[in-house]
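Visitor: Letter by letter, the chains look like this.
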Amino acid sequence: MPTIDLKPSAESCWELWQAVRAKRPLVHCITNFVSMDIMANVLLAAGCSPAMAHSLDEVEAFVGISSALLVNMGTLSPEWVAAKKLAARRAVELGKPWVLDPVGCGATPVRTASCLQLLDCRPTVVRGNASEILALAGAAGSGVRGVDSTAASRDALEAAKQLAVAHKCIVAVSGEVDYVTDGTAVVGVRNGHELLTLITAAGCSLTALIAAFVTAAPQQPLLATAHALAVFGLAAEEGLRLAPRPGPGSLRVALLDMLHLMDQATVKAGARIEVMA
Amino acid sequence: MPTIDLKPSAESCWELWQAVRAKRPLVHCITNFVSMDIMANVLLAAGCSPAMAHSLDEVEAFVGISSALLVNMGTLSPEWVAAKKLAARRAVELGKPWVLDPVGCGATPVRTASCLQLLDCRPTVVRGNASEILALAGAAGSGVRGVDSTAASRDALEAAKQLAVAHKCIVAVSGEVDYVTDGTAVVGVRNGHELLTLITAAGCSLTALIAAFVTAAPQQPLLATAHALAVFGLAAEEGLRLAPRPGPGSLRVALLDMLHLMDQATVKAGARIEVMA
Amino acid sequence: MPTIDLKPSAESCWELWQAVRAKRPLVHCITNFVSMDIMANVLLAAGCSPAMAHSLDEVEAFVGISSALLVNMGTLSPEWVAAKKLAARRAVELGKPWVLDPVGCGATPVRTASCLQLLDCRPTVVRGNASEILALAGAAGSGVRGVDSTAASRDALEAAKQLAVAHKCIVAVSGEVDYVTDGTAVVGVRNGHELLTLITAAGCSLTALIAAFVTAAPQQPLLATAHALAVFGLAAEEGLRLAPRPGPGSLRVALLDMLHLMDQATVKAGARIEVMA
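As you go down the protein sequences, you meet chains S, V and Y in turn. Residue 277 is where the first sequence ends in the working numbering, and the numbering goes up by one at each step. Residue 277 is where the second sequence ends in the working numbering, and the numbering goes up by one at each step. Residue 277 is where the third sequence ends in the working numbering, and the numbering goes up by one at each step.
What the hints contain is simulated information worked out from the structure, not anything from laboratory work. One or more of the hints may lead you astray.
Intra- or inter-copy, both count: the list cannot distinguish identical chains.
Claimed, not checked - When the alpha-carbon atoms are kept at most 25 Å apart in a straight line, the in silico SDA-like pairs for lysine to any residue are as follows:
1. 23 <-> 246
2. 168 <-> 276
3. 85 <-> 56
4. 96 <-> 110
5. 7 <-> 240
6. 23 <-> 155
7. 23 <-> 194
8. 23 <-> 176
9. 161 <-> 60
10. 85 <-> 109
Just so you know, these numbers come straight off a predicted model, no measurement behind them.
Assemble the whole structure, with the sequences as input and the hints as a guide.
Guide: Right, here's the structure in full:
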């Protein structure tokens, strides 16, 4: 596979997505129970191959046959957290990208501590909402309300930058505008729709898609992340346009359809990625 | 938030729902694996905030930040049952409402025993189908067939009353007519559609919605429960009316849409709640 | 219930399905987390009754009240594998059919070993994709890529026959053409659509439907399996024909609708089952 040289552009977005489809990466997901169905369906619709495996005696072998790892902190328990750490360390050993979704970070002490333990396992990318990123960065420990965000994404940008620098990773903050940063550069993505927040695990699924996109541009995880955000958000916009009603049930169906059906012209006309700093 | 004075009426139904949306209660759900996706989506669509967390070391803290707790007995295991009891006791300590869904009570001795243990933790509301309520009340231990009801809701009304009196809780029996009782008063709800029984965990999700509704009228759990039943049932009726086909796949999509989109006029014209005793 | 004498025909297909609906078998499913929602919905839509229960202290009792058992090896862990073996042995003791879905067999050593342990528990039917059947038969241990098939179903026919003979069971290999064999006879099914492979756990759900169909023709598990494959595949074809878009989100909705709504004329005109050897 030729190396891709991504630009923060809609053109590049389509190009990367096609490279992902050509590669059909196996994304090993250790995720919360609520998200499993939609996450697997999002990956399949977008042209990737999902695998859910969490057993302590199997996760390292699964990382070995996968292209990337997704670790999501929802519905955690001690044994699952142990498996997540094992898998993350194996991914780093093997030089495979892994992406952390710190669901509900800040909601409880156990949750926050577990997220920090995973952060110490050197993720390639961290994706959360503003409250989660704020909590994870230690910039704020309050204001998190279950797994929904109570802060705007812009409020968490400084925390995201600090996190990115301190942990040498890419940090993405989802919101009305999505921000992606390596600590210095900031790329903004203006795709998506508010109704997505009424579909459970939409954000979790998006993080899995980021893992898939990074496999096709491993040298450019910042732009790969931004491109995944744009594709997912645009699929929601297009889906909503075609849905019979502006409801979360219809949007979920149409989102999956669009992740399979969106064409080059739509992506080139609709992806809104820009360098902000 | 001003106190709501509910009446068994469609007017009151809309008013309570709006109060729920204004409050956006965080409903902590410890539920079966099958139900997690649709339950979270039902809560989100209706204007609430779901959180699934089951770890023994985290459930008490989660109850602390939640408005209500939902405990569902499906796909049980010893560790999960322990977490459910811990969470339920914490809810009682903190004066927060909690709702029990005794899925499959009567199907196996372990199941029945576990349901009884939770019943002893003083739920605010219990919601089940007729067979489950009959089994739970000890009025009958047979006739339960997996998690589907084999008895009509009317058959379980006396058992429901006994249960309500003995355990000082509200008991709701779902069926063609839903009955809600505190042991003396009985309110009936005539919304819903038979096709709902072909959507897995529709009943489980409804119980979670009851938990949300009770948070907005904590002094009137009987009427809050009836109102939740009416809203959910009406959303199914309206959804079916708008669905392209009368199939369970389409109904599930439209149900979620309607929980987000139903307007005041529809609720006022369609909710069918009446005092029966 | 009168005994059914199945033929490899579309007529027979409808007749068996009606017998299944009349029986409304309770199918006890011990399956992976990803599949639970769609599997339960597929069984309900097709006229069966699902029950998910996995606890070591409850599975044997659940087998006792069920008509059939489905064991799926996805998202395995030591405790769940133990429960699966316990349930499978109980099913054999009670003379109830049980069906094995060796998800991801060959992907990791633990996975393959666990699948072989279940195979030793004498399943009535084994259903997998070509790679899984090849791995399970020991005909090949490589080439398995997560839970997706990388081999064509025809490539696994010999392995399927060997497996069927050695383990005295029916083996079904899913693919563009589905093959079902008892080691000697081979029946082919030409229903289904490629887009089904983009719906997570569609295959898992199909295996659960096989378990349901076998309950209504326990003396003819080979044909019952072929008939289940035809009904499921045809529901997907019909669903796709009616879906607003050829996407996996819409197909999933329409598939569930069609499993509820398909009529006799459609099944008789569309089921494509033939004796191949």
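Visitor: Against each hint, give a clear statement of whether it holds in the structure.
Guide: Results for each hint:
no. : hint        : in the structure
1   : 23 <-> 246  : between (34 Å within a copy, 23 Å between copies)
2   : 168 <-> 276 : within (20 Å within a copy, 59 Å between copies)
3   : 85 <-> 56   : both (10 Å within a copy, 19 Å between copies)
4   : 96 <-> 110  : between (27 Å within a copy, 22 Å between copies)
5   : 7 <-> 240   : neither (27 Å within a copy, 37 Å between copies)
6   : 23 <-> 155  : between (36 Å within a copy, 24 Å between copies)
7   : 23 <-> 194  : between (31 Å within a copy, 19 Å between copies)
8   : 23 <-> 176  : between (31 Å within a copy, 22 Å between copies)
9   : 161 <-> 60  : neither (31 Å within a copy, 33 Å between copies)
10  : 85 <-> 109  : both (18 Å within a copy, 20 Å between copies)
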